[in-house]
Every structure is written in structure tokens, then in C-alpha cells.
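> Now for the letters of each chain:
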Amino acid sequence: MQWTTKTFLTKTKRGNVLKIVREHYLRDDLLCGSAVCNICPHKDDEIVLDNKPESICKLFDFEHYLVLDTNVVLHQIDVLEENALKNIIILQTVLEEVKHQNTAIFQRLLEIVGNKNRKFYSFVNEHHKDTYVERNPHEKQNDRNDRAIRRAASWYASHLLLSKSDFDGKIPQIILLTDDENNRKIAQKEGIVCCTVKEYVENITGFAGLVDKLSKNVIPETCSKDALYPAHLTPSQIHSGIRGGKLYQGTFHASRDNFLEGTAVVSSFDKPILLQGHSGINRAIDGDIVAIEILPKEEWRKPSDIVLEDKADDPGDTLEEEALLNTKVDSEDEITPTGKVVGIIRRKWRQYCGILLPSKFPGATRHLFTPAEKRIPRVRIETRQSDILISQRILVALDSWPRNSRYPLGHFVRSLGPIGDKDAENEVILLEHDVPHARFSEAVLACLPPDDFKIPEEEIKKRVDLRSICICSVDPPGCTDIDDALHARPLPGLSPDGLKTYEVGVHIADVTYFVRPNTALDKEAAARSTTVYLVDRRIDMVPGLLSSNLCSLRGGEERLAFSCVWVVDENANVLSTKFHKSVIKSSSAMTYEEAQIAIDDSTRNDEIASSLRTLNSLAKKLKQKRLDNGALLLASPEIRFQVDSETHDPIEVQAKKIMDTNSMVEEFMLLANVSVAERVATDYPRCALLRRHPSPQPHSFDTFLKAARQQGFELDVSTNKSFSKSLNEAVIPDRPFFNTLLRIMATRCMQQAVYFPSGSRTQEEFYHYGLACPIYTHFTSPIRRYADVIVHRLLAASIGADVSHASLLDTKAADALCDNLNYRHRQAQYAGRASVALNTHILFKNREEIESAVVLAVKRNALQVLIPKYGLEGPIYLPSDKFRYNEEEHVQICGDVILRTFDELTVRLTLDSSNLQHRKLVFQLVKPSIPGVSYIADEQVEKMEIEEIDKKENEKKRKESTGGKNKKKKSKK
Amino acid sequence: MTGHVSIRLASERVNHCVPCPNELPRFYTPGEVITGMQDFMRGHGTYAEDDSLKSSVAGVMQKVNKLICVRPLKSRYVGEIGDVIVGRVLEVQQKRWKVETNSRLDSILQLSSVNLPGGELRRRSAEDEQMMRKHLQEGDLISAEVQSVFSDGSLSLHTRSLKYGKLSQGVLVKVFPSLIKRRKNHFHNLPCGVSIIIGNNGYIWISPHKQDIILEDNHDEIENYDLQAVKRSDREIIARVKNCISALVASKMMLDDTSIMFAFEQSLKYDNVKELLDPEAMLDIAFLTQHMLNDITED
Amino acid sequence: MPGPDLLSSQGLRLDGRRPNELRRIRCKLGVFTQPDGSAYLEQGNTKVLAAVYGPHQASKSKSSSEGVVVNCQYSMATFSTGERKNRPRGDRKSQEMSMHLRQALTAAIKTEMYPRSQIDIYVEVLQADGGAYCASVNASTLALIDAGIPLKAYVCSCSASMAYKDGVPEPLLDVGHVEEAAGGVTLTVASLPSTGSIALLELSHRLHSDYFETVLSRAMQGCRDIEIILDKAVREHLAEGWTKQDVITI
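Chains as they are written, first to last, in full-length UniProt numbering: chain G, 1 to 973; chain V, 1 to 299; chain L, 1 to 250.
The set of hints was computed from the structure by calculation and includes no laboratory data.
Glycine included, every Cβ here is placed at the ideal spot set by N, Cα and C.
A portion of the hints provided could be inaccurate.
To be verified - Quick look at which bits of chain L chain V covers, simulated, 3 or more residues with Cβ under 8 Å:
id	stretch
1	136–147
2	202–213
3	235–242
To be verified - In the DSSO-like style, the derived pairs of lysine-lysine whose C-alpha atoms are separated by at most 27 Å in a straight line are:
id	chain 1	residue 1	chain 2	residue 2
4	L	Lys28	V	Lys174
5	L	Lys85	G	Lys19
6	V	Lys98	L	Lys60
7	L	Lys152	V	Lys63
8	G	Lys812	L	Lys93
9	G	Lys19	L	Lys93
10	L	Lys165	G	Lys812
Start from the sequences, fold in the hints, and give me the full structure.
If you want it as C-alpha cells, here you go:
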């Protein structure tokens with residue numbers, strides 16, 4: 001064993017003053033990683049740094065390696081990510097500091113270090129016997145780390161010098177890059193060549209655009225000159241403030257509508273803390289963890305309900321008056337605790353998508369950037385490529401927010417594509433929702449079977465052969481990732497009760513045969529967690545070969561499946577359940593419509609049709625049973641776009657049609673999921689992956705119940721059974737949509753269903769409220785959900801068809817997995833919705849529609865309406881001078897017109913493109929017509945309309961701009 | 001009462017190692033194979049496993065013809081017939097005493113193996129049994145000789161000689177039995193004025209000189225003598241001898257009258273007895289003693 | 001399971017060891033004169049004292065004619081952990097540890113040699129920094145050897161745990177407190193390395209059977225490495241002690 005047996009004790013102090021003594025081994029077997037060195041016993045693959053690292057910087061005309069200081073990595077990671085700087089030594093001291101301060105940057109740094117072409121060598125200076133430095137008494141940790149970095153830099157220089165003779169004295173030198181002035185001074189004194197990043201990068205030749213990526217990092221609190229914002233407290237002040245109960249810690253949420261307002265949730269207050277104005281928010285950005293001081297009670301306010309947007313043009317570094325905000329407080333109970341941000345505990349910055357604001361001065365390098373997310377303030381960036389970027393969607397990273405700058409400082413990261421381009425817009429959606437959508441890496445693709453994969457004979461022998469059975473799949477039209485298929489056939493015997501019996505099978509694509517645990521493919525799938533469906537694009541969880549070919553249960557092809565087979569009697573009581581892996585050959589892959597026709601067409605008596613009929617009748621009984629148990633039939637407006645086959649632009653939109661066959665498939669999938677859930681929960685009491693739907697909070701129904709009461713219905717929400725019953729009874733005969741509407745609204749009152757490992761909850765908490773079943777999981781869509789993959793593995797191990805593996809049974813891993821699944825699932829939903837919104841906007845680009853709508857909710861200054869035909873939702877703003885809002889009843893009154901929830905209206909839909917970033921659909925009231933508010937449907941009249949002059953102008957502009965864009969597009973083509 | 005206590009850091013501890021001309025023998029450690037099984041008999045500190053003879057203790061191998069033993073550096077006292085021991089009475093039982101002798105089982109002193117007043121060959125009566133505690137009671141120290149060894153390894157003692165019997169005034173020093181050199185005589189009247197019994201079991205008894213030969217008959221005189229106060233000068237000498245033994249033990253040197261005497265002589269350069277407790281002084285004494293011993297062997 | 005990063009990307013552990021390296025072990029035999037055998041052992045920052053008394057006459061109630069009775073007592077000093085804590089002797093944890101110690105040591109001691117006798121082994125943990133049990137076993141072995149008590153072989157104990165490097169499982173040898181506290185499973189094994197037999201095996205958490213073999217073999221390797229270190233210490237101790245003795249005394 002070849003370590004130096006020196007032990008160093010590192011002492012640290014914690015809150016309770018604990019002396020912690022840790023061992024620290026110093027080694028003599030650590031390599032320097034340079035090709036020049038002939039002292040360290042390198043193996044060939046351990047050499048990272050070139051022997052002749054060419055200098056690309058004009059300042060230094062000799063060969064050199066770069067040593068980076070921590071602040072360089074933390075702030076200039078975007079520069080490092082560019083494929084420009086090479087031959088860089090990353091010290092462990094730096095790695096650890098970065099890891100401690102910002103895990104996201106740490107991951108990115110690791111990525112760079114892992115890339116062999118970049119020639120980044122990570123040197124373990126902390127454990128090298130010659131470069132370790134002990135912290136002196138009273139020395140600050142930071143100073144020690146700086147010292148360690150300097151020590152390592154000078155060690156490298158002298159170490160390489162030892163090999164001088166072999167290279168005719170031409171050995172690379174060491175340059176220390178640091179932005180810390182103090183560190184630079186001392187380093188220079190010690191004879192280390194050093195330089196700031198700015199100087200270095202600005203003198204690099206051959207990499208245009210690299211300068212743009214320089215972070216404009218300024219230490220925020222040092223700029224007290226011309227300060228616009230109050231200073232933040234120091235971390236220790238914050239710490240003692242929180243401990244002393246004077247300050248509170250919370251996550252800052254900026255308001256969507258008012259850029260000068262935000263809230264923070266603090267655990268010791270019931271209501272979120274209101275933060276208003278520039279000084280109240282004090283440079284906090286949505287998501288940051290902040291320290292808050294609560295203002296005295298007299299200064300408490302209520303949240304303003306006005307919409308306030310930042311000025312369109314660049315105001316420079318000044319703050320405007322904030323008089324607008326000081327709304328009067330009407331009643332005591334409306335005020336919320338109000339506070340101000342006094343410090344930032346942790347920034348939660350990420351990279352933001354958005355566009356550049358056109359600059360007033362042509363050729364300027366300083367620009368304002370507007371993020372797509374409205375909660376994020378504008379960002380000041382510097383770029384010399386503004387003429388190109390002005391028409392692009394770009395990605396920008398935040399660097400700092402000094403006191404004397406109205407906006408945070410950031411830098412350009414990369415361009416996503418032209419504004420309005422669908423790919424660019426999709427990219428924005430994916431980035432903003434944190435959807436991993438890069439192409440599958442080589443490592444992942446290497447895990448795939450060959451394209452001409454045939455099921456091996458021995459695999460067939462291991463499985464139950466169901467190829468002779470008539471199995472079919474029923475899916476929406478155009479579906480290429482078919483993950484479930486069904487069959488049913490009568491059995492000869494009778495049940496103990498003398499009823500006819502059937503064998504019913506659900507066959508799920510056997511994805512786990514291809515996706516083996518802990519492979520690159522598996523990890524990628526786990527990271528993605530779910531397939532994301534955008535309107536015109538699908539971001540697969542597993543590569544296409546699997547998702548739409550080998551795993552997809554296509555008609556007429558032999559496929560591997562995981563089957564769940566029941567024996568049921570004619571009343572759909574399950575008599576027995578068994579699970580096995582199988583080989584199937586689907587007779588037909590049908591759409592819902594085709595299946596429906598097959599069932600309805602009484603002339604068809606083939607095997608498929610009779611099987612479908614059996615399934616259909618059993619499904620109806622299953623459904624009835626489920627409903628009797630208290631399952632809720634919920635609804636959400638879902639729409640389908642008909643997409644132009646060439647441009648992929650949506651041409652028409654319609655609400656999804658629901659047929660019997662939809663619910664037939666659904667029933668059996670539910671049954672399979674429940675059966676599997678019972679099985680895995682019994683076999684794995686601690687680590688089975690289940691799905692629960694918590695019962696809703698009673699008070700979340702309040703508004704909903706009030707609205708229903710206005711329509712004359714008393715709904716009982718005490719249990720899901722009673723709720724279901726009262727929902728069923730709440731029908732208005734001449735308004736067929738009313739019941740659906742009720743259900744849509746009921747859905748919104750409920751909590752989200754979530755994945756969880758069985759060990760983390762008690763048995764009672766497994767309950768799925770919506771489905772009214774005591775236990776539930778996801779088993780039936782392994783192609784597009786990773787949760788199902790895990791459940792497949794659990795079940796396979798449970799029935800002995802496959803071996804279990806360690807991480808499958810690890811409860812901690814299961815917790816982390818569920819968190820990720822839930823997060824990705826949610827983000828995928830949001831991304832899907834955003835995509836629908838995007839496409840709706842494209843659809844309405846050049847048209848307007850008059851449609852009937854219903855009121856979903858009545859707000860202080862608007863109505864939230866839903867257009868059933870499109871499933872679209874949006875606000876109709878009501879001018880406060882005409883309408884009076886009754887808070888008790890939640891109604892808007894204007895003269896004799898009373899607008900209530902559930903009222904039916906007629907609205908006009910147009911697209912407002914005046915803001916490129918936030919194009920939105922404009923809903924205008926048509927009926928009931930209220931003079932001065934309602935839109936007059938006649939185009940002739942429109943021209944004479946006096947009040948709408950402004951609007952008209954806007955519209956003209958819009959038409960021009962959109963027209964212009966179309967031309968552009970055409971010319972491009 | 002005040003006194004100086006010196007506590008020193010572990011790093012400043014004195015290494016008591018004294019150089020010695022003896023060449024290092026081959027050591028065996030537990031589990032180590034000594035030889036293939038053929039033709040050898042296994043003795044103490046060895047065991048047979050898998051056709052080979054292995055050591056069960058850490059020490060040196062000793063071979064007597066075909067018998068192989070491994071002797072550990074130190075262990076509990078293993079008694080042999082004829083050994084002189086010093087022991088402490090633990091228990092008075094029916095017709096016998098239990099004696100603690102630093103061996104792994106308690107030793108036994110039969111009522112029949114002690115000299116009772118009134119002649120050696122007197123029959124032991126029931127009365128004597130009742131008087132046993134008068135003779136030796138719990139906590140008494142005795143010197144004795146090993147009469148026989150029982151099958152389970154425990155020792156049977158006897159005190160049927162005038163030199164054995166109850167010990168009254170003196171100091172007991174416990175050392176590891178392996179440090180005691182086997183000699184013909186273990187009773188010594190050291191010229192410095194103390195008597196010493198070097199028990200083979202590692203217990204060493206230091207007492208003031210008994211005034212020449214004590215006659216058998218005037219028993220009372222002995223009793224009286226035992227209760228007389230010991231002079232301070234004698235007590236100092238006893239303490240000095242005791243400290244000398246400690247010094248030799250600390251350096252793991254063999255103990256017999258010669259080495260103890262040499263050590264005593266060397267210790268005289270330290271006026272104060274308590275100075276001998278100083279680790280440096282102890283090492284010094286051990287070192288000088290070793291030197292003297294080497295001189296003798298060379299002669 | 002890829003939880004805490006116990007292995008850096010350079011393949012070093014938090015304290016700078018490689019996965020297969022033991023902590024520094026320092027030990028000394030015969031630290032006391034009063035007991036029959038004693039030893040002090042440091043395994044990294046875990047520091048343990050062991051004292052052995054006996055074999056001596058067993059008390060009547062415990063006495064067994066089959067072999068020697070081994071009696072262990074494990075205790076931790078109040079100052080042994082970061083937080084000062086009064087630890088009454090015989091609390092549940094020490095009782096359990098004492099039992100496990102007894103199990104491991106009885107496997108090595110040639111108990112049949114001494115019927116009706118008893119061996120007392122007292123172990124005091126002066127500083128606990130992970131792997132106190134392992135250090136206790138190793139120290140006790142040395143103390144037993146010092147006392148000249150016949151053993152079948154050295155009994156050594158070592159722990160091992162699991163970490164992941166680039167997603168590949170890599171067992172860690174001789175787990176320190178930091179690594180122990182970071183979660184994950186710790187496998188403790190006490191074995192007689194020269195015979196390859198296992199005297200005690202303990203798992204702190206559930207470990208998947210896929211990994212068991214690799215972790216166990218790493219721990220066994222650790223035991224073998226420890227045996228070499230202990231053997232060296234014993235030989236040094238013998239060399240030191242033997243010089244003053246006559247070689248032949250028969």
C-alpha cells in the first residue's frame with residue numbers, strides 16, 4: 001500500500017460547537033496529468049494535458065496550461081462550456097467549492113471535465129502531499145482555499161520544470177486565471193503568472209462571440225454608488241436574524257401580472273407574505289430563497305389586483321414612482337402580512353428563454369432581454385451580435401444584480417432560432433419546462449437491439465405463447481407507440497355461482513426486456529421519466545426503435561408482452577388473476593372508431609368482433625361497479641388539432657370525441673393497474689411504486705359549491721361516493737354541457753395524483769380518491785412512462801420472471817425516483833398545455849371566431865370563460881366603471897345584466913400579437929350585449945365604432961406584422 | 001498533603017527497551033504453521049490442524065526431541081512440582097484452603113499439608129478443622145511449594161518446611177511469571193538487609209531480615225517479632241528493592257537475586273527512593289544492570 | 001441509491017483513501033502491567049483499549065467443564081464521540097456489542113484448553129470515528145495474544161460499504177464515521193483470515209444480494225490486510241520483550 005501515513009486533522013465548528021476531527025490522507029501516487037511530465041508514472045490514458053498547448057490568447061505568446069480560481073468557474077461556466085479554452089487544470093479545491101455553492105454549475109463542470117476533447121484535468125491537490133495546505137489559525141476558509149490554489153499552481157510550475165531537459169526547455173507554463181484582485185496580487189508576488197478572465201478572453205483570437213458569454217459578475221453589495229436598491233444583509237446577519245425570530249425565510253414568488261409585486265410563503269404565517277415595490281422585492285427573482293423582514297401592522301397591504309407591466313423601452317438605471325401600488329385597504333380581513341426582502345439566502349437562477357428588446361441606439365452593445373416567463377424581470381446583457389439576435393429566441397443566464405443596476409446583469413448563452421419559428425418556439429416550451437429533449441446519446445443508442453431484431457427462440461420458450469390467441473389493440477388514430485392490447489374469450493366451465501366465465505387478458509409491451517436496469521438507456525429513460533406530447537412533436541422517453549417498433553404491439557407482428565390474465569364471470573367479478581411474460585401476435589391494431597364500428601356492426605361475427613363485444617359488455621359492468629364504489633367521472637377539456645401534413649401548422653381544432661371503446665380500454669387498464677398494484681404492494685411492502693390520489697381539502701371546494709348553489713344544486717363533497725352521486729344528479733336537461741362543466745370544475749378543486757414508494761405511506765394513504773380504489777399504480781404504458789417500467793420490473797421479480805436488482809429495492813432510491821417522476825410528469829403536462837396554447841395561437845393567427853362560451857369563474861375584473869368547442873379558456877376583462885363586482889355572490893353586475901358562473905355567453909376570439917413574446921388570445925364579449933363593452937359582430941359597424949379606435953389600430957399593425965412575417969417565411973422557403 | 005504528580009504526554013514516554021546481545025530467535029504467531037505433522041508431538045502452545053502443526057500463541061518454538069512447544073512471552077503461571085510460590089488465601093474450606101497463585105485455576109493447600117504446632121506427624125483432628133481459620137485466614141499471604149499438579153492443571157501446595165508458611169510484614173510485588181528465573185534457591189537474604197522470596201508464580205515477597213535463626217520452640221517470640229514495628233531505614237530499603245524490581249520489569253529483564261542485587265547497587269546513586277519511579281531513572285538502572293550482567297557472562 | 005458522493009470522480013474517498021485502502025492502523029501490545037494482557041489500537045481516529053484478565057478460576061455459577069468461559073465488556077468513554085454523553089455501562093448498545101465481541105473472540109480462542117476457567121476481556125472505546133466494533137475485535141486479539149492465551153489464529157474484523165463511481169458499484173473498505181453517517185449499508189465481518197472462516201457477519205441495512213459477494217470479499221480482503229498489520233506488531237512486540245530472556249529455560 002502506497003500512501004503516506006500522515007494524518008491531518010481538520011477541525012470544523014457547528015452550531016453547537018462540536019469539534020470534528022477528520023482524517024485526511026496525503027498521497028504520493030497522484031498524477032499531474034501532463035504529457036510533458038516524465039516523473040509521474042502515467043499510463044497512456046491518464047494523460048490529459050497536451051505537451052504543446054498552443055496559446056490562443058494574444059497576451060501570452062508561450063505555451064501554457066490554465067489554472068482556474070473558484071470564482072472563474074462559478075461565474076464563467078458559459079465561457080468554459082464553449083469549445084475554446086483547452087488544457088485547463090481544475091483543482092479539487094475548486095471542484096469542492098463549486099459543488100458546495102452551486103450544484104448545477106458543478107454538474108456542468110463535471111460534464112466538461114468528462115469530455116476528453118476538452119482536455120480539462122482535475123487534479124486532486126487536497127490529497128497530494130506537496131500541495132495540501134493546512135488552514136492556519138484564524139485564517140478564513142476562503143483565504144486558505146486561495147492559498148491552496150496558489151500552492152498548486154506554483155507546484156505545477158516547478159513540477160513541470162523538472163522535466164525540462166526532455167523538451168529543450170520548452171515546457172508549458174502555468175497561468176492562474178482569477179477574478180479575485182487580492183488573490184491576484186499575492187499570486188503575482190509569489191511569482192505566479194496570473195490574469196483576469198476578462199483580459200484573457202478579450203484577447204483570444206479566433207473565437208468570436210466568446211466575449212458575449214463573459215459573465216458580468218459584480219459583487220452586488222459593493223456598488224453603493226448611485227445605489228437604487230437597499231443593501232442586502234450579510235449571511236451571518238441573516239442567520240442570526242432568522243434565529244432571533246426577526247427575519248423569516250421563504251421562497252419568493254413573483255406575481256405574473258404585476259412586476260412590482262410578489263409573495264413569499266413563510267411557514268409561520270398562514271397567508272403568504274406580500275412583497276411590493278422595487279425596494280420591497282429588492283432584487284429577488286422568482287424562486288429565490290429570501291430573508292424577509294415583516295413590516296409593522298400599519299403598513300400591511302392587500303395584494304393589488306391591477307396588471308402592471310414594465311415599460312416597453314429601456315428606462316436606464318432609474319426606478320419609477322411606485323404610487324400606483326398603494327391601494328386602499330377596504331376591510332381588515334383583506335390585508336395580508338407585508339414585508340420586504342432584506343437578503344438573499346440562495347439564488348435559484350437558471351437560464352431563461354426570451355428575446356432581446358430592440359435598442360434605441362444602433363450598434364450599442366448593452367441590451368435589454370425580456371424573458372418568456374413573465375415572473376422574471378428583464379435582464380441587461382452585452383452582446384455585439386445584436387443585429388442577428390434581435391430576431392431570435394435566445395437563452396440568457398443571470399450573473400448578478402448590483403445595487404446600482406435597475407435590472408439584473410446577465411450574458412448571452414445561445415440562440416434557439418428565429419422568433420415565430422415553430423422549432424424555436426417548441427424549444428422554448430421544452431426548455432422552460434425543463435424537459436430533457438436532446439438527441440439520444442451514442443451510449444444510449446448502443447444499448448438498443450439491432451434494427452432487424454427477431455425474438456430469440458429461447459426467449460419464446462421461457463414465455464407463455466399466446467400467438468394463437470386473437471388479441472387486438474385499440475388506440476387513438478395515428479398512435480405509433482401501442483403499449484397495450486386486449487383479448488377476451490369464453491371459457492367452457494361455469495363459475496361456482498353458475499355464471500358464464502371468460503378469460504380476459506391485458507397485454508402490455510414488455511419494455512423491460514429491452515431496457516435493462518442501470519444501462520445508459522435505463523438511466524436516460526429514468527431521467528426523462530415520461531414521453532412528452534406536444535401538438536406536433538413527441539419527445540420520446542425511449543428511442544424510436546423501441547417506442548414505435550420493437551415495443552409497439554403492432555398488428556400482425558410478434559411482440560414480447562407482459563400479460564395480465566383474469567378469469568371473470570359474466571358479471572365482471574374477477575375469479576382469478578395471473579401474470580406472466582408472453583409472446584403475442586396482435587391480430588389487429590384498431591382505432592377507437594374502428595373498434596366501435598366492429599362492435600356496432602351486427603353483421604360482423606368474426607373473432608375480433610365477438611372478443612370486442614365481450615370486452616365491451618364486461619367493461620360496462622366494471623365501470624358501473626367502480627362508479628358504485630364512488631369513483632368520480634371527471635372531465636377536462638381536451639382538444640385535438642388537425643395538423644397540416646406539410647407545414648405541420650394546425651388547421652382545425654376540435655374537442656376530443658369520447659366513445660364507448662375509449663372507456664372499454666380504460667376499464668381494463670384500470671383493472672390491470674389495480675391487480676398489479678395489489679400484487680407488488682404485497683410482495684414489496686417498502687419499495688413498491690404506487691400511485692395515490694389524496695382526498696381533496698374540504699375548503700378547496702368552497703367557491704365551486706357556491707357557484708353550483710347559484711344554479712340550484714347542492715353538492716355533497718363529504719366523500720367521493722356522495723360527491724359522485726350528487727354530480728350525477730346535477731343535470732340541467734336543456735344544457736347538456738352543464739354537467740361536463742361541473743366535472744371540469746370539480747377536477748380543478750382536487751389535488752394531483754402522485755407516485756410514491758409504498759414504504760413512505762400508511763396503508764390508508766394509498767387510497768386513490770378519483771378512482772375510488774384502495775390501491776393503484778401504473779403498469780400499462782411502459783413505453784411512455786418510466787413508472788410503469790419500474791412496476792414491470794417489480795412484478796417480473798415478484799413472479800420470478802426476472803431477477804430483482806439492488807436499486808429496485810432501495811427505498812431511498814425509490815423516494816428520489818418518485819420525486820423525479822412526479823416532477824417530470826407535472827412538467828410534461830405543463831409543456832403539453834403550453835404547446836396547445838402555442839398552436840392555438842398559430843391557428844388564430846389570421847382569423848377570428850365567434851363562439852359560445854361558458855363562465856368558469858367570476859373574478860374582480862374579469863370573467864374566466866371556457867369555449868367548449870375548442871376547450872379553450874381565457875379571461876374577458878370587464879371595465880370597472882361599468883361592472884360592479886359582488887364579492888359575496890361572486891357575480892358581476894352591469895345594469896340589469898348579471899354575469900354568474902356557469903352562464904352561457906357568446907364571445908369573439910382574436911389573437912393579439914402586439915407583444916411577440918406573449919401573444920395571447922383576446923376574448924371579447926358578444927352576447928349578452930352591453931353597450932361599450934360588447935363587441936359588435938358586424939364588420940360594417942366595426943369601422944364606425946368610435947371606442948375601438950385604438951384597438952383597430954393595434955389590429956392593423958398586427959395584420960401588417962403577421963402578413964410581413966408570412967412573406968418572410970415564404971421567401972426563406 | 002501535597003505532592004508532586006508528573007503526568008507526561010504519551011509521545012514523551014520513555015522507551016524501556018534495553019539492548020541485549022542475544023540474537024533474536026525465530027518467532028511464531030497464532031495460526032502460523034510450524035511444521036508438517038509428521039513425527040512430531042504437539043506440546044504447549046501448539047495445535048494440529050489440516051495435517052500440520054500450528055502455533056497457538058506468539059512466542060518462540062522449543063523442541064525437545066520430538067516434542068514441539070511454543071512458549072509465549074508471558075502467560076499465567078504454569079506450576080511444576082517443587083516450585084516455590086507466594087500466594088494469597090482466598091477461602092477456607094473443608095480441610096483445605098484455596099490459594100490464589102496467579103495460575104489459571106486456584107491452588108489448594110490441604111490441611112494435611114501444613115505444619116501444625118505439635119509435630120509433623122500429628123493426626124489432624126476435628127478440632128484442628130475448626131481451628132483452621134486461626135491458622136490461616138482469608139487474605140493471608142503464604143509461601144509454599146508445589147506438591148503436585150492435578151489433572152485439570154490446578155496445583156496442590158504444601159508448607160511442610162519451616163521456610164514456608166504465613167508471611168507477615170513485608171511488600172508483595174506482582175510480576176509476570178515468565179520473568180522469574182528458575183533457580184535452586186528462591187529464598188534470599190540480600191546483603192542490603194532484606195529477605196526476598198522470588199515466587200516462581202511471579203509473586204515476589206520482600207521483608208525485613210528475620211533476626212538470624214528463630215528457634216522452633218519460642219513460638220511466642222516469633223509472634224511478637226511479627227508484630228514489631230519495622231524500622232524506617234529497613235522500610236526504605238524494602239521500597240528501594242521494590243522499585244528496582246519494577247525498573248527491571250519495565251525493561252522486561254529476568255529477575256533473580258543477582259539481577260535484583262545489581263539493580264539495588266546501581267540504584268544507590270539515587271539518594272531518594274522515590275526518584276526511582278522516574279522513568280528515566282528506571283531505564284538507567286535497567287541499562288546499568290544489564291551491563292553488569294553482560295560482564296558476568298563474559299567472565 | 002446514487003446518493004451521497006462517497007467516491008470522487010478521481011476515485012478517491014472523502015478522506016483521500018482509495019476504495020480498497022484501510023485507514024492507518026497503529027497498535028501497541030502490553031500497555032498495562034496489571035492485566036494479563038492488554039493492547040491499544042488506533043484505526044484512523046477510532047481509538048480502543050483492550051485488557052484481558054485470565055484465564056482464572058471461573059465463578060461457580062459460570063464455570064463450565066467443557067471449556068473456558070469468555071466474558072466481554074464493551075464500553076464507550078463519555079468523551080468518545082463528538083457530543084459528550086454519559087454512557088452507563090451495560091446499556092443496550094454496549095450489551096449488544098459485548099455479545100458480538102464474545103462471539104467473534106470465542107471463535108478464535110482455543111476454549112477447550114481451559115475447563116473451569118474464565119477469560120475477561122474489557123474493551124474501552126476512547127474515541128469513536130466509525131468501525132468501533134472492528135477496532136475492538138482487533139485490539140482484543142492483540143490483548144489475547146499479549147496474555148499468552150492460545151488462539152487458533154488471529155481474528156480480525158473489518159467493515160465495508162458500497163459506493164458508486166460513474167454508476168458502477170464499488171465497495172469501500174474500512175468505513176469511517178463520515179461514510180457510515182452518509183447512509184448506505186455497512187457490512188461488518190469478523191473472520192479468521194488464515195483459515196478463511198467467518199466468525200461474525202453483520203449488515204447495518206438491507207443490501208441487495210447482487211452486491212453481497214463483492215462487498216464481502218472486499219471486507220475479507222481488509223481482514224487479511226489487518227492480519228498482516230497485527231502480525232507485524234506482534235512480532236515487533238516479541239522482539240522487544242524477548243531480548244532480556246534466556247532463550248532456553250528448561
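> Under the constraints set out in the numbered hints, which ones does this structure not fulfil?
2
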